[in-house]
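Number of protein chains: 2
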Amino acid sequence: MSTSSETNDIEDGLTFQPKFDASGLVTCVATDAGTGEVLMVAHMNDEALRKTIATGEAWYFSRSRNSLWRKGETSGHVQRVVEMRVDCDQDAVWIRVEQTGAACHTGRHSCFYRKVAGGEGGAQLSFVDADRLFDPAKVYHK
Amino acid sequence: MSTSSETNDIEDGLTFQPKFDASGLVTCVATDAGTGEVLMVAHMNDEALRKTIATGEAWYFSRSRNSLWRKGETSGHVQRVVEMRVDCDQDAVWIRVEQTGAACHTGRHSCFYRKVAGGEGGAQLSFVDADRLFDPAKVYHK
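So the sequence lines, in the order shown, correspond to chains A and B. According to my numbering, the first sequence is numbered sequentially starting from 57. According to my numbering, the second sequence is numbered sequentially starting from 57.
It should be emphasised that the hints constitute simulated quantities derived from the structure, not laboratory data. As the structure is a computational prediction, the values presented were derived from the model and not from experiment. Be careful, since some hints might not be right.
A pair counts as met if it fits within one copy or between any two copies, since identical chains are not told apart.
Cut-off 27 Å, straight-line C-alpha distance, at most; resulting in silico cross-link-like pairs (DSS-like, lysine-lysine) [as the list claims (entries may be wrong)]:
(1) 107 / 171
(2) 107 / 75
(3) 75 / 171
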């Protein structure tokens with residue numbers, strides 16, 4: 057258990073002490089600095105955080121590939137970080153970015169290109185802002 | 057391993073099939089529908105997702121308390137959901153909300169009230185939009 061003074065320091069202090077989960081990761085939300093749209097939700101380990109802060113470009117840790125990656129290293133669709141913030145318990149960061157091209161590997165500007173709405177037979181999805189800005193097959197040579 | 061057709065259906069289909077992690081959770085990002093500000097990052101289990109969709113108010117699953125909670129049930133600071141979206145691999149949802157009062161348990165409108173910036177001795181935090189809209193000691197009777 058954390059003590060009350062530790063909690064106060066994490067929540068109200070000015071020391072950056074990211075709270076990594078059991079896999080060594082924090083959650084990162086990237087939004088478009090111009091529109092406020094959420095572009096993607098991904099993860100950063102300590103090295104990705106450090107590189108993002110040091111370089112001003114977004115680096116992440118891929119859980120599926122188990123490796124560090126610079127956003128856009130394959131596609132060229134880099135993210136320039138305008139501002140980084142951390143939340144109250146320091147287990148999530150929010151970056152406002154200038155996105156070159158598209159954030160999503162499917163070719164859309166944002167990964168959130170489907171709306172969820174309730175219906176009689178349960179929740180249904182519908183496309184919204186789902187135009188592809190690039191052809192993933194060409195960019196990733198799949 | 058998922059097959060290519062399964063991946064296609066998850067990414068390009070219109071069936072809502074949230075991909076819960078080992079703890080049965082998806083990540084949820086809540087943004088202010090008016091300003092685009094990220095208010096909080098939290099988690100939803102299947103029941104929280106269903107209740108949020110059915111009621112139009114945000115429900116979450118607290119990992120620390122291991123229980124479902126309706127946002128604002130203690131503080132009155134509820135979130136009315138304007139829109140819900142799901143991301144490409146369906147392991148994260150984004151809700152745009154009208155926030156009554158403040159989203160953060162510390163009394164701030166957003167949980168992201170500190171900026172992270174690099175410095176000579178490592179990353180440093182500074183307060184930004186950190187005014188308290190309520191006194192947590194009074195609201196939560198701590």
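Each hint, compared with the structure:
Taking the closest pair of Cα atoms, residue 107 and residue 171 come within 27 Å of each other only across two copies (16 Å); inside a single copy the shortest separation is 33 Å, beyond that limit. Within a single copy, residue 107 and residue 75 get their C-alpha atoms as close as 17 Å, which meets the 27 Å cut-off; across copies the closest is 29 Å, which misses it. For the homomeric pair residue 75 and residue 171, the shortest alpha-carbon distance between copies (16 Å) is at most 27 Å, but the shortest distance inside one copy (31 Å) is not.
When each numbered hint is compared with the structure, no violation occurs for any of them.
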